[in-house]
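Taking the hints into account, I'd like the entire structure generated from these sequences.
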Amino acid sequence: MMKNNKKRQSKTGLPPGSHIYTGKKTESKTVIETYSYNLEKYHHTVKDAPNVENQVSNLKYWINVTGLVDVESVKHICDQYGIHHLYQEDILNVFQRPKVEEEDEYVFVSFKSLYWNDAEKSIDEEQISLILTQQAVITFQENAGDSFDYLRERIRTENSMIREKEVDYLFYRILDITVDTYFDIMEKMGTYLEEIEDEVIAAPKSEILMKLQNNKKDIMVLRRHFYPMRDLINKLSASDHPMIDAKTKKYLRDVLDHTIQNIENVETFREMNMSLKDIYLNSMSHEMNRIMKILTIMSTFFIPLTFLVGVYGMNFKYMPELYWHYGYYSIWAIMIAIVLGLTYWFRKKGWF
Amino acid sequence: MMKNNKKRQSKTGLPPGSHIYTGKKTESKTVIETYSYNLEKYHHTVKDAPNVENQVSNLKYWINVTGLVDVESVKHICDQYGIHHLYQEDILNVFQRPKVEEEDEYVFVSFKSLYWNDAEKSIDEEQISLILTQQAVITFQENAGDSFDYLRERIRTENSMIREKEVDYLFYRILDITVDTYFDIMEKMGTYLEEIEDEVIAAPKSEILMKLQNNKKDIMVLRRHFYPMRDLINKLSASDHPMIDAKTKKYLRDVLDHTIQNIENVETFREMNMSLKDIYLNSMSHEMNRIMKILTIMSTFFIPLTFLVGVYGMNFKYMPELYWHYGYYSIWAIMIAIVLGLTYWFRKKGWF
Amino acid sequence: MMKNNKKRQSKTGLPPGSHIYTGKKTESKTVIETYSYNLEKYHHTVKDAPNVENQVSNLKYWINVTGLVDVESVKHICDQYGIHHLYQEDILNVFQRPKVEEEDEYVFVSFKSLYWNDAEKSIDEEQISLILTQQAVITFQENAGDSFDYLRERIRTENSMIREKEVDYLFYRILDITVDTYFDIMEKMGTYLEEIEDEVIAAPKSEILMKLQNNKKDIMVLRRHFYPMRDLINKLSASDHPMIDAKTKKYLRDVLDHTIQNIENVETFREMNMSLKDIYLNSMSHEMNRIMKILTIMSTFFIPLTFLVGVYGMNFKYMPELYWHYGYYSIWAIMIAIVLGLTYWFRKKGWF
Amino acid sequence: MMKNNKKRQSKTGLPPGSHIYTGKKTESKTVIETYSYNLEKYHHTVKDAPNVENQVSNLKYWINVTGLVDVESVKHICDQYGIHHLYQEDILNVFQRPKVEEEDEYVFVSFKSLYWNDAEKSIDEEQISLILTQQAVITFQENAGDSFDYLRERIRTENSMIREKEVDYLFYRILDITVDTYFDIMEKMGTYLEEIEDEVIAAPKSEILMKLQNNKKDIMVLRRHFYPMRDLINKLSASDHPMIDAKTKKYLRDVLDHTIQNIENVETFREMNMSLKDIYLNSMSHEMNRIMKILTIMSTFFIPLTFLVGVYGMNFKYMPELYWHYGYYSIWAIMIAIVLGLTYWFRKKGWF
Amino acid sequence: MMKNNKKRQSKTGLPPGSHIYTGKKTESKTVIETYSYNLEKYHHTVKDAPNVENQVSNLKYWINVTGLVDVESVKHICDQYGIHHLYQEDILNVFQRPKVEEEDEYVFVSFKSLYWNDAEKSIDEEQISLILTQQAVITFQENAGDSFDYLRERIRTENSMIREKEVDYLFYRILDITVDTYFDIMEKMGTYLEEIEDEVIAAPKSEILMKLQNNKKDIMVLRRHFYPMRDLINKLSASDHPMIDAKTKKYLRDVLDHTIQNIENVETFREMNMSLKDIYLNSMSHEMNRIMKILTIMSTFFIPLTFLVGVYGMNFKYMPELYWHYGYYSIWAIMIAIVLGLTYWFRKKGWF
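Order-wise, the sequence lines are chains A, B, C, D and E. Terminal number for the first sequence in this note's numbering: 332, no gaps in between. Terminal number for the second sequence in this note's numbering: 332, no gaps in between. Terminal number for the third sequence in this note's numbering: 332, no gaps in between. Terminal number for the fourth sequence in this note's numbering: 332, no gaps in between. Terminal number for the fifth sequence in this note's numbering: 332, no gaps in between.
Just so you know, these hints were derived from the structure itself, not from any lab. Among these hints, one or two may not hold up.
Because identical chains share one entry, a pair is satisfied inside a single copy or across any pair of copies.
The calculated DMTMM-like cross-link candidates involving lysine to aspartate or glutamate, where the alpha carbons are at most 20 Å apart (straight line), are [to be verified]:
1. K227 with D59
2. K229 with E82
3. K197 with E247
4. K273 with D156
5. K230 with E82
Since the model is a prediction, treat every value here as computed from it, not as a measurement.
So, in C-alpha cells, the structure goes:
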C-alpha cells in the first residue's frame, strides 16, 4: 500500500492528458477481444474492436482489453468511443480510488479486483475499468486473470440470461462477480485469523505480532476498497442514467447488500485482529507471572535454608550446637520442617 | 460468524436466479402449513397453500413454510404469489443482512431469529423471511422452532385480536415477537457477563480472556443484526405502502422503540466486556506485584543475614571475634536486631 | 441496568394491550390526587379524577397518580382521557426509553426521574409519565417521592405563575424540575469522583478499580437517559402542537440548554473515569518499580560481599591471605570500599 | 469544572424568573458605564444608562456593566431594553453554555472569556453577555477585567473604524477580541505542554501524570467552550437578522475561521496529552527493564562464583583439590574465566 | 505547530485591516513577476503588474508575488484588483486554515504547500494564496520555491494547454500541482515509517518512541491541511461561479479524488504509527521476559547447589558424610544429577 505511493508520484507535475501506465508490466502486450452477441448470434474476435458507427444495431458488444502496456491501443479504443482523456488516464493509472462517473454517452466505473495471495497471506489487487455505452461494455484489466472466464462461458452459452438481456445486465454481472470474489477473500482471511487465534492460544510467539500487523494492513486495504465500492454501487443503483434499466437497478441493490455485508465483515475482522493482539500481549504477561513464580518459589525455599547452613558454617570457638551429638540431624529436621511449612503455605495460596 | 462466510462463498459466480439453499440441512423436508381464518372461521391445513386466485375474499391466510431443503416447493409457493426471483434467492440464502423491500403487490422482509445457546454460552441464529400480501402472510423458517407457537395458539383462539384484525397485524406480531426474543438473549447475556464479573473478582484465570473474546464475538453478531433490524423497522413504520395500516405503524413504532433499547443494551454489554478485560488484566499485574513482594521480603531478610554468617565462616587465622566467649550469641543478637529492624521498616511501608 | 432486562422479558409474547406493571411494588396502593385551580380558585381532592366532560371550562387540572400497582385504576383514568392502550402499557412498563408522542388530543411524554443513592454511590431511577391535554396535566409516578412537592406548594400559592398560566406551563415546569434534579446528580457524582481521585493519589487500593467500574456503569445509565431526554425536549421545543404555546417553547429551549449541559458533564465524567483508571494502573506499575528497586539494591550490595566472605571460607591448605596478620581487617576494608562505591553509584543514578 | 455544578444546583426547583447571581462575588458592586459616540462626538458617563426612548438618534451607545452582584441594577437595565427575563437569568447565571438567541428587537449572546492562570497552569473563565440592539451594544461581565480596554481606547480615538461604523461592528469586535484571547491561551498551553514534554524526556517523575491529568481537564473545558462558540458564530455569520449587516457577516466568517482553528488546536493538544502519557508510561517500563538488568547482571556474575567458593568451603575429609599447592590460585583462575566468559556473553547481547 | 500559535497571537486585539506579515522573513524583498500570454504571444516582466483597466483584452495574466515582507507592495497589488482587506490580511497571515471565498469579481483561495524536510524527517509548510479574476491569476508565496517552475516552463512553451485555455485552467493546474506534491510527502513519510518499522523489528531503542511521537505530530499537521483542502476543492468543483468553467470543474473533481486519496493515506499512516508504538512497547515487555528468564534460570540452577555445598560447609562435629571416602565425589554426583534434572525440566517447558 505504501508501495503504491511510490509509483503514483512519478506523475507529479505532468499535465492532465499525459497517458502513462503506472502499473506493473506483467503482461508484455495489450490484447483486445471483442464478443458480439445477441440471443441468436455469437461472435468472438481478437485484436479488433468495432468503431461505434460500425456497430450492428441489434448486436451487443463486450470489448475486453487485457494488459495496459500498449498505451496507444488503449488510447485508440477510448477515442473510438469518445471517452474523456481524464478517464483514459484513470484507466492507465492503477492507483485510483474506486469511482463512477456518469456521462451522457457512457458510464465510467473503475474499481479493484482483489485476490488472496495464499503464500504470503496477503492481498493482491488489480484495477478493472468498466465502460457502459449504448451497445457495448468495455473492460480494461491489467493481467489476463480468470475473473471473467465464467462470463465468457455464459456468453457462449445459448439462451443464457446475458445473451437475452441488454448490455447493462452484463455490466451488472461484472460488478456482481467482483463483489462475490470479495466474499472469497473474506472467507480466506477469516480462516487465516482463526489459524492465528489457534496459535495465540497454543504457543504465543513473538512473530504473531508481526503477522497481526501485516494482517491489519491488509484489513485497511480492504476497507479502503470496500467503502468507496459501496458508495459506487449505491450511486449506480440510484442512478437515473438512461442506459441503466430499472430492473438492473434492482439487481444492483442486491450487489449493494453484498458490499455492505463485506464492510460489516471487514469491521469484524478489524475488531478480531485487535482482540488477538490483546490476547497475545496478555499471554506475554501471563508468561512473566509464571517465570516470576518459579523464581520466587525457588528463592523462598532455599534462601532460609542456605542461611541456616551458613550459621553452622561459622567458626566460632564456642558454639554449643556444633558439639551436640544429634546437632547435624536436628538441623536437617528443622530444614525439612521449614520446607513442609512453606509447601503448605504455597499450596494454600494456590501456587502448586 | 466467520463460518458463515465459508458457505456463502459457494455461490460465487452463479447468475442471479440460481436457487440454492445455503443453510444447514437440519430439517429433512419442507413442511407447508396454511392457516385460514377470520373472526368467525379458522382452518388449518398442512402441505397445501392456496393459489392467490383461489383465496376466499373474506378470509385471511398465514402460510408457514418450515425447512428450506426442498427448494422446488419454496420456489413453487413464491411463484404462486409472484415473488421476484431475487427475493426467492434471499429466502434460500441464509446469510442475508436483515432487509425490507416494498413491491407493489407485497412487502418482503428478511431477518434473523436469535437463540441463546446456554451450553456454549453463545448465540444461534435462524433466518426468517416474511412476506406480506393483500390477504396473506407467508413465513419461511429454517427449522421447526417454537417461535411461532404462541401465534398459532392466538389464531386458534376465538375473538383474539389477530383473528379480528387484518393480516398486517399478524405481520406486526411476528416482528414484535422476534424483537421480544432479543430481550431474552440480552437478559441471558447479561447474566453471563455478571457470572464472568464474579469470576474475575474471585479468582481470575487465564480462560476468562477467551470467554470474553468469545462473548465479544457474540456481541458483534448482535450488533450486526440489531442495527439493520432497527433500520428495517424504522422503514416499515414510516412506510406508505397501502397494505400497512396507520394503526399498525403506530404498533411498529413501539417495536422500533424496543429495537433501539436492544441496541443500547448491546452497546452497554460491549463496554462492560471491555471493562472486564481491563479488570482481568489489572488483576494479573496485581498478582505480579504480590509475587514480587514475597520475593523481595524473603531476599531482604535473609540476604544480609547470610552475608553475616558468611563473615564468621571465613578461615582467617586472626579473627578476634571468633575467640570471644559470647561471640556466637552476640551474632545471634545482631541478626535478631536486623530482623526486627527490617520488620519495623516493612510494616511502616504497609507491606505486612 | 442488567437487572432491568430480567423483568422486562416477562412480557415476551404477550399481545399489545396486556396491562402489566413491571416495576417494583414499593407502593401498596395507587393514590390519585386532583388539583383544580385557576388564578382565583384552588381545590385539592384525593382519589377522584374528573371525567373530561365534567371539567369546568375555566379551571385547570393537575391529576397526579402515585403508585402503579392498581393497574385497573391507571387503565380507568387513561380511558377517561382517551389515551391509546399502547401508551397505557408504556406507563405501566417502567423499562421504557424516554419518549414523546404527539396525538391530536394530547401529548404523551415518558422519562426517568433519577436520584443519587448516597449509601451505594449509585443511581436510582423512577419512571414518570406525563400527559398534557387541553385542560389537564396527568402525571404517573412509581413512588410517592418528593419531586413534585415544590410544585404542589406553588399551586397552592396565590398569584404564582403556575396559577396564572395555562397547563402547558405546568407541563414545562415538571420537565424543568426533572432536568434540574439531574444537575444534583451530576454534582454528587462529581464529588464522588473527586473522592476517588484523592484515594488514587493517596493510597491506590485494588477496590478502586471496582469502584470505577461501578461508577462507569452509572455513567452509562446517565448517558442512556440524557441523550433521549435531549431529543425529547428538542422535539417538544420545536413542536407545533396547538397545546404547546410559543412562550412555553421558549422556556423549553432553556430546558434543552440544560440537558445539553448535562450531556457535556456526563461525557466529562466518562473521560475522568477513564483517566482515573489509567492513573490507578500507573500507580500499580510505579509500586512495582519501587519493589524491584529495593530488591535490586539489597542484592547488589550483598551479593558481592557474600561472594567475598565465601572466598575466605574456603578450606584450601595454601591460601596465603588467611595467615596475614591483618587479613581479616583488610577484607572488611575492601567490603566497606565496595559498599561506599555502590552507594556512590546508586546516588548518581538517583535511586536514593 | 466539577465545582461549577455545585453552585449551579442551588437554583434547582426555582421558577424561571428568579434572578440569582451564581458567580463568585469578587466585585463588591455593579458599575454601569455608558459610551455614546458617533464619528464626531464621544461621551463617557458612569452609573447611568439612557432609556431606549432617550437615545439620541444619530448616536451609538455602548453600555458596559461590570460586576453582577447588584441584581436589581442588572434587572433594571435589561427591563429598559425589553430583554426577556429568561435572558436576564442567563446573564446572572454564570454556568451557561455559550449561546445566541435572536429576538425581533435585539440579539442576545452569552459566552466565556478565558484566561490562562500561569501560577496554577490552568484556565480561569468569566462569563460575558452581549446584547445587540438597534443603537446600542450592552455588555455584562463578572469582573473588571482588561479585556475591553483596547476597545475603550479605540472608541476614544477619533476616526477609528468603530466610531465610523454601526454598532454591529462593535458587536463583532467584542467577539473577535474574545476569540483572539483564546489564541493566547492556546499558545500558553502549547508552551506548557512543551515543558512537560521536556520533563518527560529528561526525568520522568510520578507527578507528571497528575499534571497531564489536570491539563486534560483544562483541555476538556476548552473543548466545551470552543465547540458551542463555533456554532454560535456560525449562526451569527449566517443570520439574516436585520441588525447584522452583510459586511459584518463577512467579518464574522473570519472570526468563524479562527474558532475552527482553535478547535483544531485543542484537538491537537488532546492528542499530544495522550501521547505524553504514553511516553511517560513507557519510560516507566523502560526504567523497570534497566533495574531488572542490573539485578540480573549482578546475580548472573556472582551466583556461580558464590557456588564455587561454597564448594571449597565444604569440610569433607577427602577433597584432593584442597591439598593441591596451586588449588587456591586455580580457583581464582577459573572464576576470572567465568567472569570473562559472562562479560563476553552480555556484550554480545548488547547489555553493556 | 505549537510554535505557530506563538506568532499568531501577536495580532490579538488589532482591528481588522491591520496588515502584518506573520511568517518567517526568509526572503528579504518582495518580487512581482507578470506573465502575459495567449496562444500566440508570451511576455514576462518583473516588478510590474498591470492595473485591471490596463489589461489587454485577449491576453491572460499570471501575476506571481514571491516574498511577503514588503507589505505595501502586497497591499498595492491587491487594491489594484479590488481584493477585500480581510483577504489581504489572510495573504499576509500565514497561519490561516486552507479556505476558499467566492466574490463577484474574483475567487480567493488560500492553502499550504508542503515539503518533506529530509534532514529532520519532518514537514515544512509554506502558505500559498491564489486569486482568480476574469483575466488573471494572482499567486502569493512566502519563499521563492520551485513549486511553480514546471508551470513557468509550460507557459513559455508554445501550444501548451495552459497557453490555449482560459485562466481558470491555470488556476486548476496550480491546485493540481500542489496536491501532487502532497503525494510526494506521503511517499517519503511512507518510506520513513518503513524504516522505523525495520528498526523496531531489528533493535528497538528508546529513541523510537520519540521518533514516532514526532512523526505523529507531522501526521496531525497533514490531517489539518488535507481535510480543509478536500472541502476547499469540493466547494470549487461544485461551484457555480461564472469564472470557473464546467470543464475545469471536471478537472477539479479529479483533484478532489486525489485529495481524498491523500486523506485515506494519512489515516493509514496514523494507524501504522499507532501499531508501531504497540509493537515497540511489546518488544520492551518481550525483552523484560527474556531478562527475567535468564535470572530465573541462573537462580534455579545455582540456588539449590549453593545450599548443598553450604550443608557440607557446616562444622558439626558429628557429620558422618564428611568422613566417607567418596563423600566429596558423591556430592558432585548429586549436583550433576540436579543440573541434569533441571535442564530436562526447562527444556520441557521450552525455555532453551
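Consistency of the hints with the structure:
For a Cα distance limit of 20 Å, the shortest separation of K227 from D59 across copies, 18 Å, qualifies, whereas the shortest one inside one copy, 30 Å, does not. Proximity of K229 to E82 under the C-alpha cut-off of 20 Å is found in both arrangements, the shortest distances being 15 Å within a copy and 14 Å between copies. Taking the shortest alpha-carbon separations for K197 and E247, both the intra-copy value of 13 Å and the inter-copy value of 12 Å come in at or below 20 Å. Proximity of K273 to D156 under the C-alpha cut-off of 20 Å is found in neither arrangement, the shortest distances being 57 Å within a copy and 55 Å between copies.
In this assembly of identical chains, K230 and E82 lie within 20 Å of each other by CA distance both inside one copy and across copies; the values are 18 Å within and 12 Å between.
Hint violations for this structure: number 4 only, all remaining hints satisfied.
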